[in-house]
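Colleague: The primary structure of each chain is shown beneath.
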Amino acid sequence: MFRWTLAACLTIALVSCTSENPMTTQAEAVNRVEELIRKTADTLRPPPKLELIPYTVTPNPCAFSADGVPERYTVNRAYWLRGVPTDQLKRVADQVKAHWLAEGHVITASGRAGHPDLAGVSHPDNYTLALVWAEGGSLYLAATSPCL
Amino acid sequence: MEAFRAVAALATEHAADLDAATRVMAASAWVGGGAPHFTASLATHRTSIQSAFTMALAALAGEVVRRGGPTPAAPSIATQVSIVSATHGPFRGIDTQAMRGLVTMLDQAAERLPAAGARVRALLSATGQPASPGWTIAAAGQWSGTQAPDLRRRLARIQRDTPWLPPDSVAFDLFGGYATATDPDTLLAKVASGDPAALTQLLARRDPGLAARVHAWWHRLPAAVQERLTRLPGIGSLNGLPAATRDQANRAFLAAEKRRLEAELEQLTGILEDLSALAAPRSLITRDQAGRLLRNIAMIERALAAGGRDGHPPALLLAFDLHGTGRLVVSWGDPDAADTIVTYVPGLNTELGGFAGDIDRARVLWQQAQATAGKRAIASIAWLGYDPPQLENLLDPPASVASDAPAERGAVELAAFSDGLRATGGEGARYVVLGHSYGSLVSGKAALLRPGRLADEFVFVGSPGVGVEHARDLKVGAERVWVGEDPNDPVAMLGRFTRDPGDAGFGGRVFSAGSRHVVQAHSGYWDLHSPSLRNLARITNGQYDAIIEPHLDIKPQLLMPQIRSSS
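Chains as they are written, first to last, in the working numbering: chain A, 1 to 148; chain B, 1 to 567.
In short, the hints are calculated from the structure, not lab data. Predicted model, so just to flag it, every value in this text is computed and none were measured. All residues carry an ideal CB built from backbone N, CA and C; glycine is no exception. Heads up, a few of these hints could be off.
Unchecked claim - Under 8 Å between C-beta atoms, here's a sample of chain B residues computed to sit facing chain A:
#, residue
1, His219
2, Ala306
3, Asp527
4, Ala546
5, Pro550
Stated by the list, open to error - Non-contacting residues of chain A with respect to chain B, defined by C-beta distances greater than 10 Å in every case (computed):
#, residue
6, Asn31
7, Glu34
8, Thr43
9, Pro46
10, Pro47
11, Lys90
12, Ala98
13, His99
14, Gly104
Claimed, not checked - Negatives, chain A to chain B, calculated, CB over 10 Å:
#, residue
15, Gln26
16, Glu28
17, Arg38
18, Lys39
19, Pro48
20, Thr86
21, Asp94
22, Arg112
23, His115
Just chain A, with the same shape it has in the complex (with noise of 0.2 Å):
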């Protein structure tokens, strides 16, 4: 696996093989993880409180070793939008696009018919955002860097 990209690399001379973000560390990450998201719910209107979701503290593999030795990986966290009433989700997506236009970030995807998801990268270092719908009427936003 790791030795594919390498031969890709070696043929496509094209661009940059390594993680786009080579000096970030993973604290560095965590801290614009978290600023990603915290900038985002402060401009929500009624302001919700941000519930923490426990697994997604877990940094992600998202390179082995041959061995299977995880050996990068993706930083993320993602936080429940609490106290939105359910009648509201879509006026918050509305408010989180708003936002993430204003900072430059690019909006990828988004829901169909009146859904509140939206599915975003940051500007300008490439971090996943997400603003995701739960069955029962919840929202949660979350960011992942690149792989580290």
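With the hints as your guide, set chain B onto chain A.
Modeller: Using the frame of chain A, we list chain B on its own:
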């Protein structure tokens, strides 16, 4: 003539005595256990009664005519009982009331038929006709009489408060006495006494009914025997055992293997140091092998370590085998307790040593699905249960086009595994199969082995063909077949096995699984919080309206095609 009328009256009254009972059995599509045998015996006796009356009446009618009378009109005797064909959809179980009714009907037949048969015998003998039809009618009654007490006793033992009995409980426990002494039963009895050779034979079998049989057998074992059997090496891979039991047994076996290999390695290292340059090449290879196997064990332990921590569900080790390309099946969440079970079938070049990434894919799918599933419980399984083709050089297509033979074999394995999930899973549980690349071909072929019974929903990502030309051929309805598209997946290099499922002509539902908008090294369908992973979770959860759609005006930022870690 009087004899004829008397027998005709008896026929009208008794010819259908076993019809109701036969209808009870015919109302269910029996698979496995002794039920089909019982049904067959019952049907035979029912028909024999009617034939006997017909024969008796024909004989007596002939006698009437011989004595100069007109041909008497015979009453219509033959009745039809139509067999219900197997239907798709959730099978609630067998109606307890109906089973009780069956036993009562047999009792009644046991009371009525011998007397009727004796009467017929007497009437026939009196007119000098052969009395055998009378014996046949009586015999049917006697047969019914011998069945009823045993069935009543067994039913009392297995019935619950619910109006429904689990079908395998009925098939194997209620009608257990009718099973012929077939191989699996003999093997199971031997396994129960701790016979490892019998376990090996049993683990090699792929009979469709086997998992249900194992399930019923396991639940009849005393607790002390079950406890002892969890320590029988390899038993954790037996489809039909409860997931928690499989996990317990496999973890114990894994620990034992680790101890054994560590001891061997120590010994081999010792020998090597002693002999140094004189070491036989054979021991070097063995040492390397031992080392590799231990690394694989370490990988499995690492992969399971997240289970139960930081909000993760328990990680259940449902199967493993360290040899060959290996086997490893891990479930995030208990599939026996889950409302939705999604099984991920990996593709080419997957093998045990590299499976950590795939286990992680199942883990992040669990996260994404469970977070959005509300009150429903999700189990997400990574299934390395077959031998994927190991292609030396995927980037050189002509030299390495895979055949579909491994998929055929893999399909048998997946079908057997799925039987196991269903045997131990909850009623009303929903099954989703997610096939990636070559794994999608395995999944499609497995669907053909279990029409309508492998999964409720299929998702194919990066697929080179799934073994059928149209989604409806998978027998779940085309609207339950999903195809994830990512134009950067190097599937085109493989050639096609059957029609591209992303084709409009295939009839599947195409959803966005592409990462063409965000280019990151090693990104793929399972990237955390990506639209792709979100959509996989939406489909898993049946939240079809919440599927997220890409904005098509986004340009790719870089031109580098995506190279996956495996296909």
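Colleague: Take the hints in turn and mark each one as holding or not.
Modeller: Structure-based check of all given hints:
1. The interface hint given for B:His219 is violated, since its Cβ lies 33 Å from the closest Cβ of chain A, which is over the 8 Å cut-off.
2. At a threshold of 8 Å, the smallest CB-CB gap from B:Ala306 to chain A is about 6 Å, leaving the interface hint in force.
3. A least Cβ separation of about 7 Å between B:Asp527 and chain A falls short of the 8 Å threshold, and the interface hint therefore holds.
4. Look at B:Ala546: its Cβ gets to within about 5 Å of chain A, closer than 8 Å, so that hint holds up.
5. A hinted interface residue such as B:Pro550 counts as satisfied when its beta carbon comes closer than 8 Å to some beta carbon of chain A; here the least separation is about 5 Å, so the hint holds.
6. Residue-level check passed: A:Asn31 sits 18 Å from the nearest beta carbon of chain B, beyond 10 Å.
7. Once the 10 Å rule is applied to beta carbons, A:Glu34 is consistent with being away from chain B; the minimum gap is 15 Å.
8. Every beta carbon of chain B lies more than 10 Å from that of A:Thr43, the smallest distance being close to 20 Å; the non-interface claim holds.
9. Consistency note on A:Pro46: stated as away from chain B, and its beta-carbon is indeed over 10 Å from all of that chain's, at 23 Å minimum.
10. Chain B leaves A:Pro47 outside its interface by the beta-carbon criterion, the shortest separation being 22 Å against a cut-off of 10 Å.
11. Residue-level check passed: A:Lys90 sits 13 Å from the nearest beta carbon of chain B, beyond 10 Å.
12. Its beta-carbon lying about 16 Å from the closest one in chain B, A:Ala98 satisfies the requirement of being farther than 10 Å from that chain.
13. For A:His99, the shortest C-beta to C-beta distance to chain B comes to about 17 Å, beyond the 10 Å cut-off, and the non-interface label holds.
14. At roughly 14 Å from the closest C-beta of chain B, the C-beta of A:Gly104 stays outside 10 Å, upholding its exclusion from the interface.
15. Interface exclusion of A:Gln26 from chain B stands, the closest Cβ pair being 15 Å apart, more than 10 Å.
16. The beta carbon of A:Glu28 sits about 17 Å from the closest Cβ of chain B, which is more than 10 Å, so the claim that it is off the interface holds.
17. With a least beta-carbon separation of about 16 Å from chain B, A:Arg38 lies farther than 10 Å from that chain, consistent with its non-interface assignment.
18. The Cβ of A:Lys39 lies farther than 10 Å from every Cβ of chain B, with a closest approach of about 17 Å, so its non-interface assignment holds.
19. Every beta carbon of chain B lies more than 10 Å from that of A:Pro48, the smallest distance being close to 16 Å; the non-interface claim holds.
20. With a minimum CB-CB distance of about 12 Å to chain B, A:Thr86 clears the 10 Å threshold, and the non-interface call stands.
21. Separation of A:Asp94 from chain B is adequate, the least Cβ-Cβ distance of about 16 Å exceeding the 10 Å criterion.
22. Residue placement check: A:Arg112 does not keep its beta carbon more than 10 Å from all beta carbons of chain B (closest about 6 Å).
23. Interface exclusion of A:His115 from chain B breaks down, the closest Cβ pair being 5 Å apart, not more than 10 Å.
Of the numbered hints stated above, those contradicted by the structure are hints 1, 22, 23, listed in ascending order.
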